[in-house]
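Protein chains in written order, with my numbering: chain A, 883 to 1011; chain B, 883 to 1011; chain C, 883 to 1011.
Keep in mind the hints are simulated off the structure, nothing from the lab.
Treat the hints with caution; some may be incorrect.
SDA-like mimics (lysine to any residue), calculated; alpha carbons at most 20 Å apart, straight line [said to hold, decoys possible]:
1) LYS977(B) x ALA915(B)
2) LYS910(C) x ALA907(B)
3) LYS910(B) x ASN978(B)
4) LYS980(A) x GLY983(B)
5) LYS977(A) x MET902(B)
6) LYS980(B) x ALA915(B)
7) LYS910(A) x LYS980(C)
8) LYS977(A) x ALA907(A)
9) LYS980(A) x GLY920(B)
10) LYS910(A) x LEU892(A)
11) LYS980(A) x ASN978(B)
12) LYS980(C) x ALA907(A)
13) LYS980(C) x GLY983(A)
14) LYS910(A) x VAL913(C)
15) LYS980(A) x ARG908(B)
16) LYS980(B) x LYS977(C)
17) LYS980(C) x VAL904(A)
18) LYS977(A) x ALA905(A)
19) LYS910(C) x VAL918(B)
20) LYS910(B) x GLY983(A)
21) LYS977(C) x ALA917(A)
22) LYS980(A) x VAL918(B)
23) LYS980(A) x PRO914(B)
24) LYS980(A) x VAL904(B)
25) LYS977(C) x VAL913(A)
26) LYS980(B) x VAL913(C)
27) LYS980(A) x LYS977(B)
28) LYS910(B) x ASN921(B)
29) LYS980(A) x GLY912(B)
30) LYS980(C) x LYS977(A)
31) LYS980(C) x GLY909(A)
32) LYS980(B) x GLY920(C)
33) LYS980(B) x GLY983(C)
Derived DEER-like restraints, expressed as beta-carbon distance ranges [stated by the list, open to error]:
34) MET1006(A) x LEU994(B): 29 to 35 Å
35) ALA987(C) x GLY1010(A): 51 to 57 Å
36) GLY912(B) x VAL963(C): 42 to 48 Å
37) ALA987(C) x LYS977(A): 39 to 45 Å
38) ASN921(C) x LEU994(B): 34 to 40 Å
39) GLU922(B) x ALA1009(C): 51 to 57 Å
40) MET1006(B) x LEU955(C): 17 to 23 Å
What you are looking at is a predicted structure, and each value in this text was computed from that prediction instead of being measured.
The beta carbon of each residue, even a glycine, is placed where N, CA and C say it ideally should be.
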Amino acid sequence: MPYTDIVTALAILQFVWFGMQVAQARGKYGVPAPAVTGNETFERYFRVQQNTLELLIAFIPGLYLFNHYFNPLWGAGLGVVYLIGRQIYSTSYVKNPKSRGAGYALSALPILILILAGLVGAVMRLAGH
Amino acid sequence: MPYTDIVTALAILQFVWFGMQVAQARGKYGVPAPAVTGNETFERYFRVQQNTLELLIAFIPGLYLFNHYFNPLWGAGLGVVYLIGRQIYSTSYVKNPKSRGAGYALSALPILILILAGLVGAVMRLAGH
Amino acid sequence: MPYTDIVTALAILQFVWFGMQVAQARGKYGVPAPAVTGNETFERYFRVQQNTLELLIAFIPGLYLFNHYFNPLWGAGLGVVYLIGRQIYSTSYVKNPKSRGAGYALSALPILILILAGLVGAVMRLAGH
Chain A
883 MPYTDIVTAL
893 AILQFVWFGM
903 QVAQARGKYG
913 VPAPAVTGNE
923 TFERYFRVQQ
933 NTLELLIAFI
943 PGLYLFNHYF
953 NPLWGAGLGV
963 VYLIGRQIYS
973 TSYVKNPKSR
983 GAGYALSALP
993 ILILILAGLV
1003 GAVMRLAGH
Chain B
883 MPYTDIVTAL
893 AILQFVWFGM
903 QVAQARGKYG
913 VPAPAVTGNE
923 TFERYFRVQQ
933 NTLELLIAFI
943 PGLYLFNHYF
953 NPLWGAGLGV
963 VYLIGRQIYS
973 TSYVKNPKSR
983 GAGYALSALP
993 ILILILAGLV
1003 GAVMRLAGH
Chain C
883 MPYTDIVTAL
893 AILQFVWFGM
903 QVAQARGKYG
913 VPAPAVTGNE
923 TFERYFRVQQ
933 NTLELLIAFI
943 PGLYLFNHYF
953 NPLWGAGLGV
963 VYLIGRQIYS
973 TSYVKNPKSR
983 GAGYALSALP
993 ILILILAGLV
1003 GAVMRLAGH
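Pulled out of the complex, with its shape left as it was, chain A reads as follows (with noise of 0.2 Å):
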């Protein structure tokens, strides 16, 4: 389905971004590898990233497995707004930490639907419907 697959190619892109600006704050704040720590600023945008991986690992399967059982175009919607909420978080993470609320609920909320859906279409399916 091109669809999924292109929502699935931007998620990782969108985390290979955020990846490169790691990178690229290591060196503006100055914390050499491997240390991740030292630098309020740069551990903002280390943990933009590493809770993007964190969401990316139940995200991707989670859109196969709704897809499997549902309309993928409703997946691939699902999966633009994950999109749009990761782009807020790492905003407003980098700007204050305590206002990232907003932006986590909405890419982590499409992924809990695409997960419980799939759990629910995969029952179903073995209950014989």
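With chain A fixed as given, assemble chains B and C onto it according to the hints.
Here is chains B and C on its own, set in the frame of chain A:
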């Protein structure tokens, strides 16, 4: 294969649950974002979540590799062992990190079997079996 | 496609190997769980493993995206370059983090090609080509 999808969804929901425990521990033990150190108990919850992320990147592809060459019901069974092992790992790690070995083994060994079996299956397929 | 599955399994086993080196370094350099800092050499091993996790979440979906639209043998070939690049990255990072650039590029570029090609393939499919 619904069994595989159910196990995948449950493994991700278990990981989401570990993440919610980390979020809760941030408040309870006074570790505001972006910090991920400063309180030993928080760090235990955090390491449980991070280590589960490290296993999921192997578990999910491993499950689908295995199922491509062997009986998916066996794959799902190994997945159930993984789920139980992770729950034991989480509980024991938070109590005392030194006691994490048994839960770790019970969740890591099923993954190793999935991957190695998938590798053997793929090589045998190439060899024409 | 057996070639893809073999490359996927090898990439995961390489990551498992990096994880075993982290576990060994915990004892050797005196960094008991849940700590992940305190010894520079341990931190190098740990960052190698963590950075490989960051790449795997892009590499594995990228491989399957690519294979959906292009010749899987080319995808597997890019995967072999990734595996070699990661091995160079690991060895050079542990010796001296400043020398990690070449191994990083050799493992990150194949992933970028897989993802971008997958994106182009999906967009062209949508456009009816």
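Outcome of the hint check:
1. LYS977(B) x ALA915(B): violated (24 Å)
2. LYS910(C) x ALA907(B): violated (30 Å)
3. LYS910(B) x ASN978(B): holds (18 Å)
4. LYS980(A) x GLY983(B): Since the Cα atoms of LYS980(A) and GLY983(B) sit roughly 36 Å apart, the hinted pair is violated (cutoff 20 Å).
5. LYS977(A) x MET902(B): Roughly 23 Å between the alpha carbons, so the hint for LYS977(A) and MET902(B) is violated.
6. LYS980(B) x ALA915(B): The given pair, whose Cα atoms are some 27 Å apart, is violated under the 20 Å limit.
7. LYS910(A) x LYS980(C): holds (16 Å)
8. LYS977(A) x ALA907(A): holds (14 Å)
9. LYS980(A) x GLY920(B): Holds, at about 18 Å.
10. LYS910(A) x LEU892(A): violated (27 Å)
11. LYS980(A) x ASN978(B): At roughly 31 Å apart (the allowed maximum being 20 Å), ASN978(B) and LYS980(A) break the hint.
12. LYS980(C) x ALA907(A): holds (16 Å)
13. LYS980(C) x GLY983(A): violated (36 Å)
14. LYS910(A) x VAL913(C): violated (29 Å)
15. LYS980(A) x ARG908(B): Judged against 20 Å, a Cα distance of about 12 Å means the pair holds.
16. LYS980(B) x LYS977(C): violated (29 Å)
17. LYS980(C) x VAL904(A): holds (16 Å)
18. LYS977(A) x ALA905(A): Holds. LYS977(A) to ALA905(A) sits at ~18 Å (cutoff 20 Å).
19. LYS910(C) x VAL918(B): violated (24 Å)
20. LYS910(B) x GLY983(A): Cα-Cα ~18 Å, so holds.
21. LYS977(C) x ALA917(A): holds (15 Å)
22. LYS980(A) x VAL918(B): Holds, at roughly 15 Å.
23. LYS980(A) x PRO914(B): holds (9 Å)
24. LYS980(A) x VAL904(B): Holds, at about 16 Å.
25. LYS977(C) x VAL913(A): holds (18 Å)
26. LYS980(B) x VAL913(C): Given that 20 Å is the threshold and the Cα spacing comes to 12 Å, the pair holds.
27. LYS980(A) x LYS977(B): violated (29 Å)
28. LYS910(B) x ASN921(B): Status holds; Cα separation ~10 Å.
29. LYS980(A) x GLY912(B): Holds - the C-alpha atoms of GLY912(B) and LYS980(A) are around 14 Å apart, at most 20 Å.
30. LYS980(C) x LYS977(A): violated (29 Å)
31. LYS980(C) x GLY909(A): It holds: about 12 Å lies between the C-alpha atoms, which stays within 20 Å.
32. LYS980(B) x GLY920(C): Between LYS980(B) and GLY920(C) the Cα gap is close to 18 Å, so the pair holds against 20 Å.
33. LYS980(B) x GLY983(C): Roughly 36 Å between the alpha carbons, so the hint for LYS980(B) and GLY983(C) is violated.
34. MET1006(A) x LEU994(B): 29 to 35 Å: Between MET1006(A) and LEU994(B), where Cβ atoms are some 33 Å apart, the hint holds.
35. ALA987(C) x GLY1010(A): 51 to 57 Å: Check passed, 52 Å falls within 51 to 57 Å.
36. GLY912(B) x VAL963(C): 42 to 48 Å: holds (46 Å)
37. ALA987(C) x LYS977(A): 39 to 45 Å: Cβ of ALA987(C) to Cβ of LYS977(A): about 32 Å, so the range 39 to 45 Å is violated.
38. ASN921(C) x LEU994(B): 34 to 40 Å: violated (28 Å)
39. GLU922(B) x ALA1009(C): 51 to 57 Å: The hint (51 to 57 Å, Cβ to Cβ) holds, given that GLU922(B) and ALA1009(C) are roughly 55 Å apart.
40. MET1006(B) x LEU955(C): 17 to 23 Å: Between MET1006(B) and LEU955(C), where Cβ atoms are some 19 Å apart, the hint holds.
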